[in-house]
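Given only the sequences and the hints, what does the whole structure look like? Please build it.
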Amino acid sequence: MVRQAAVAGQFYPASEKLLLRQVESLIDRKTAREDAIGVVSPHAGYIYSGSVAGSTLASIKSKSTYIIMGPNHTGLGAEFSLSRIELWETPLGKVKIDKPLANQIAKSSRYIKEDDLAHSHEHSIEVQLPFLQTLQKDFAFVPIVISSAELDIYRVIGIEVATSIKELKLEDAVTIIASSDMTHYEPHEIARKKDSLAIEAILELDEEKLVASIDRLNISMCGYAPVAIMLVAAKELGAKKGRLVKYQTSGDASGDYSSVVGYAGIIIS
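Counting in this note's numbering, the sequence shown runs from -17 upward without gaps.
No lab work stands behind these hints, which were simulated from the structure alone. You may find that some hints are simply not true.
Claimed, not checked - Below, simulated DSSO-like cross-link-like pairs (lysine-lysine); rule was C-alpha separation at most 30 Å, straight line: (1) K119 x K148; (2) K217 x K191; (3) K217 x K43; (4) K12 x K222; (5) K148 x K43; (6) K148 x K223; (7) K78 x K43; (8) K217 x K228; (9) K78 x K12; (10) K222 x K81.
Small disclaimer: the values here were computed from a predicted structure and weren't measured.
Right under this line is the structure:
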């Protein structure tokens, strides 16, 4: 069974040639690449967030497997949904699921359920794949859609994900990508100010501070739950620091700074 691309022609080109050309324009193959345990990468249309996503994903060393966690924009499916479909297709080809790791996570987690409905129209995971496909020839991944919950649940899931990686001795083979945009539809300067506080918490690897900042300042960061889970898992796997690769807003692409969406690319190592 193959999951067909749901947002090709919307968030990125449906043509293989045009997509490859666009992704190549958004990555720098001369960039020094560092070993990443975790990553924050945005998921808007490539004309808006592609520069941040491309700069970030081109800055990490290739791994054989990626766990990609994204927020649930559609409201479909289980709250924490792991796709069972074995192949995902984009215009650049098919990507296989890492079945042993996916099965281990599903078996070990009290919250993550095997469920395809949440993935059927969700873009937050799909849009990461063409960057990875362009940067390396072969890899597998585990897609998990994450809904909002309590911080304690995020921590449990993060520990379960890290434990699953350790059980299979994949610590050096996996990078966890949290797909998230930052503040939505506020003036540029307000978005930058709010996002700087969320970014500060992420760079400090402090999931509690991140969630508290989201609540206190009403930051409309759609993927804060995947980011919180990624931070917990990354620390369990030995992460000690974070680095901001790039931040910009949609206004930097459109020229309209009156109502923007923020995008941050962060590496956790």
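Verification of the hints:
1. K119 x K148: holds, 25 Å
2. K217 x K191: holds, 15 Å
3. K217 x K43: holds, 19 Å
4. K12 x K222: holds, 26 Å
5. K148 x K43: The hint holds at about 20 Å.
6. K148 x K223: Holds, at roughly 20 Å.
7. K78 x K43: holds, 19 Å
8. K217 x K228: Measuring from Cα to Cα gives roughly 22 Å; hence the hint holds.
9. K78 x K12: Given that 30 Å is the threshold and the Cα spacing comes to 27 Å, the pair holds.
10. K222 x K81: holds, 29 Å
When held up to the earlier numbered hints, the structure conflicts with none and fits them all.
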